[in-house]
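> Chain R is fixed; fit chain A with the ligands onto it per the hints.
Protein chains in written order, with this note's numbering: chain R, 1097 to 1536; chain A, 1097 to 1536.
In short, the hints are calculated from the structure, not lab data.
Hints are not guaranteed to be accurate.
Identical copies carry no separate label here, and so any pair may be met within one copy or between two of them.
What the hints assert, rightly or not - Straight line, CA to CA, 20 Å or less: simulated SDA-like cross-link-like pairs of lysine to any residue:
1) Lys1422 <-> Val1412
2) Lys1474 <-> Asp1268
3) Lys1418 <-> Glu1408
4) Lys1259 <-> Gly1452
5) Lys1193 <-> Phe1466
6) Lys1242 <-> Leu1165
7) Lys1400 <-> Tyr1388
Given next are the chains, with one letter for each unit.
Protein chains: 2
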Amino acid sequence: QYLSSQPSAMAGTSEPNRNTKYDPRKPHITDTPMTRKNWYKHINWLNVFLIIGIPILGLITAVWTPLRLPTAIWAVVYYFATGLGITAGYHRLWAHKSYSATLPLQIFLAAVGGGAVEGSIRWWSRDHRAHHRYTDTQKDPYSVRKGLMYSHIGWMVMKQNPKRIGRTDISDLNDDPVVQFQHKNYLKVVLFMGLIFPSLVAGIGWNDWFGGFIYAGILRIFFVQQATFCVNSLAHWLGDQPFDDRNSPRDHIITALVTLGEGYHNFHHEFPSDYRNAIEWHQYDPTKWAIYLWSKMGLAYDLKQFRANEIEKGRVQQQQKKLDQKRAKLDWGVPLDQLPVIEWDDYVDQVNNGRGLIAVAGVVHDVTDFVNEHPGGKAMIRSGLGKDATAMFNGGVYMHSNAAHNLLSTMRVGVIRGGCEVEIWKRAQRENKDVQYVKD
Amino acid sequence: QYLSSQPSAMAGTSEPNRNTKYDPRKPHITDTPMTRKNWYKHINWLNVFLIIGIPILGLITAVWTPLRLPTAIWAVVYYFATGLGITAGYHRLWAHKSYSATLPLQIFLAAVGGGAVEGSIRWWSRDHRAHHRYTDTQKDPYSVRKGLMYSHIGWMVMKQNPKRIGRTDISDLNDDPVVQFQHKNYLKVVLFMGLIFPSLVAGIGWNDWFGGFIYAGILRIFFVQQATFCVNSLAHWLGDQPFDDRNSPRDHIITALVTLGEGYHNFHHEFPSDYRNAIEWHQYDPTKWAIYLWSKMGLAYDLKQFRANEIEKGRVQQQQKKLDQKRAKLDWGVPLDQLPVIEWDDYVDQVNNGRGLIAVAGVVHDVTDFVNEHPGGKAMIRSGLGKDATAMFNGGVYMHSNAAHNLLSTMRVGVIRGGCEVEIWKRAQRENKDVQYVKD
Ligand code: HEM
Ligand code: HEM
Ligand SMILES: [Fe+2]
Ligand SMILES: [Fe+2]
Ligand SMILES: [Fe+2]
Ligand SMILES: [Fe+2]
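With the rest of the complex left out, here is chain R (with noise of 0.2 Å):
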């Protein structure tokens, strides 16, 4: 796939990507197990090559390429105008619609965003919404849950199954004609832009056209591959989970150093069609600066933003999620319902015979071995025993702590019939005879 497919996927058939030569009836190579004896027929040769192979030979060429200050200024500039045509090109434009670009924008990113060497934008945005609409699942060409080699290079460098990858609806795309003049002149564009032009600057402008060509074209594009493959391994692997962690995606400040800001990377799987991907002014994301420069210059509108309200809604259901699971790892003592129901004269009875039981809001609670730590002194607790103890523990003589109540319910042993004592005095005093209980 990729760059190999790219050249022979423009031939008039309607699937992009598909090779030539594939046919859907013969069994593809991946559906046969990787052996001894088969194992290179796994492998996209060419694709190995062109992200592994090019680089080698470029960087034993650099060895005796001397490095000219301009030249290695040029390739750092034309580096991030590379990464930014991927990032605010292919990904926030095309591939998620999260602003509008004029003609001329479009013109510069489609460029730029060629010279990065990642393949087309149509092939790259089908294959980006695959990964959005099914992130994790077998559907997705780069999941994370494949390992993160593999979703950094190796679902380039092995041969796919197209009929793995999830479809999408491109149809916007389709209709675009810079997407589509990209797509169809694919090759000319990557040549180009990727190499005979950064070698143009250089040698026209201080002439080092060779160096150029190695630093600002061979060992550049390598840079921003690799940089922008983190996008889907480092950004599925590294970090916090602020909104949702039912999938991989994750929020690091090193993703979005290395990635122009494309490392926020759980928020936009919540918010993809958000053009921000950090949303703090304090977090590094140039790809929405340029965006927003871009707005202010009138080159980009319609810039589009969830609501503060709609994000952090899914903050706090997330830091819901993480704190029911912190709740449900401890003990909150017995439920109410799970206890036994006790005669108010029974407890009586029972404190009556030595027990340390006192009655506080209804419940009965065995503080035996509790009243030689009780922090308010023995006397006091032992005050409240057999009697019903919920204005002295609330505030009647000492005001509890939160702690306080926590670690009184971890003392439960039952709940009084009909409630705390004074509701069945008032019942009694009501029906106008002896002290009865309600029995329901």
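Okay, now just chain A with the ligands, sitting in the frame of chain R:
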């Protein structure tokens, strides 16, 4: 109060701290407002001299008193010893009974604690128990609600009405011979442990009598006092409230560093009978370390500790409280029970008349404005208008994110009578007649 009242407080009266000159029938000076004329009567001049005057005199004298290295080291060592007297002795042993100490350790702590010159154990613990029992109220002897400076030093520098401070039970301390001895001989203990002993060590040790007096005596007292005063001020003012935010105590590393580990004060107020203030191993609590060491040496025993379960419960409840506050500030859509009830046919009619209504899970949503913004495309969402889109929305076509569910709930306009469409048809089927809606 404070130092000044110490000698007179032990003259047989059962109420500690009561100045013999105090007559409960006469109006106390604190009952009269402070004016230009009487302001000096509001000030406790003896305390001003003791905790501000003497240190200033000491500082001035220090200018022409050479500081020798052994004296400097001794002053720091004695600073820690007398500091521990307050934190491990006065505070955690006597005021809170968070562990038990053998007689030798009790005597040591009563001695060095006296050397910190902060009142007798009995007086200190009584006020401290009132501080815990009536935190932040009028009855709190050093309530931070009266200002940071007040809680730090103002409560000693200004005259206090003894009636104001909350009453607490100190019968255990009255039965404690070491506490009683220290209280009865407080002035001697202070003079010896505060000034004579540190001078003796420096004098006999390396013949620096006056240096020992000034640095390990006067100035060391000043620093120990200011440091421990921070527990009343800084610890109620700076930091987080992981366990309870109803009152002022807070956790902060800076306070901990200044106060030999008493800086995890929110925890401490929630679990005062725990011998620890810091529960994590990486937090700074040298007082805890010392107590632990003494227990290993057989000098301390019965170290009290709240169960981790109880502590975590407190933390979870506080987090829940914060989260509920956040949640309450957000817009979660009109509650279901406040929505009008719509007949299924009405719903379909309205859609036919051009309104963009969509029913999901028995609730009707107005997506008229959202159709064009729908990240899954106009066609998709339109296909659900006027239908029961529950299945489409919940995975039939695309499993929407949490964010999409939240967004959906903000668009609620009504509920379908009888629930979802399918319920209505099933009922109609059962009753074997035309569709009829449940009226209830
Ligand atoms: C029924 C079971 C009880 C439990 C589990 C319990 C628990 C506690 C705990 C954990 C404290 C430490 C401070 C705090 O966390 O608030 C405390 C303090 C106290 N309790 Fe209780 N208590 C109980 C009953 C009572 C009763 C019946 C009384 C009074 C009649 C009482 C009076 C006090 C007082 C006065 C203090 C304050 C001690 C001080 O800080 O000076 N307690 N209790
Ligand atoms: C009823 C109101 C609807 C709302 C508020 C809504 C909202 C959203 C949102 C916020 C997304 C972005 C991805 C996500 O957060 O999950 C999304 C994506 C999507 N929606 Fe909806 N949707 C609605 C109705 C529908 C219906 C009825 C269908 C299908 C018949 C549908 C199909 C899709 C699809 C296929 C996507 C995936 C786009 C992609 O990532 O490729 N939606 N929707
Ligand atoms: Fe992703
Ligand atoms: Fe994305
Ligand atoms: Fe405090
Ligand atoms: Fe305390």
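> Could you run down the list of hints and mark each one as holding or not?
Hint check:
1. Lys1422 <-> Val1412: Answer is both: 15 Å inside a copy and 7 Å across each meet the 20 Å cutoff.
2. Lys1474 <-> Asp1268: between (77 Å within a copy, 11 Å between copies)
3. Lys1418 <-> Glu1408: both (15 Å within a copy, 14 Å between copies)
4. Lys1259 <-> Gly1452: neither (71 Å within a copy, 36 Å between copies)
5. Lys1193 <-> Phe1466: Between copies only: 15 Å across chains, 64 Å inside a chain, cut-off 20 Å.
6. Lys1242 <-> Leu1165: Answer is neither: 42 Å inside a copy and 65 Å across each miss the 20 Å cutoff.
7. Lys1400 <-> Tyr1388: within (11 Å within a copy, 58 Å between copies)
Consistency with the previously given hints fails for numbers 4 and 6, ordered from lowest to highest.
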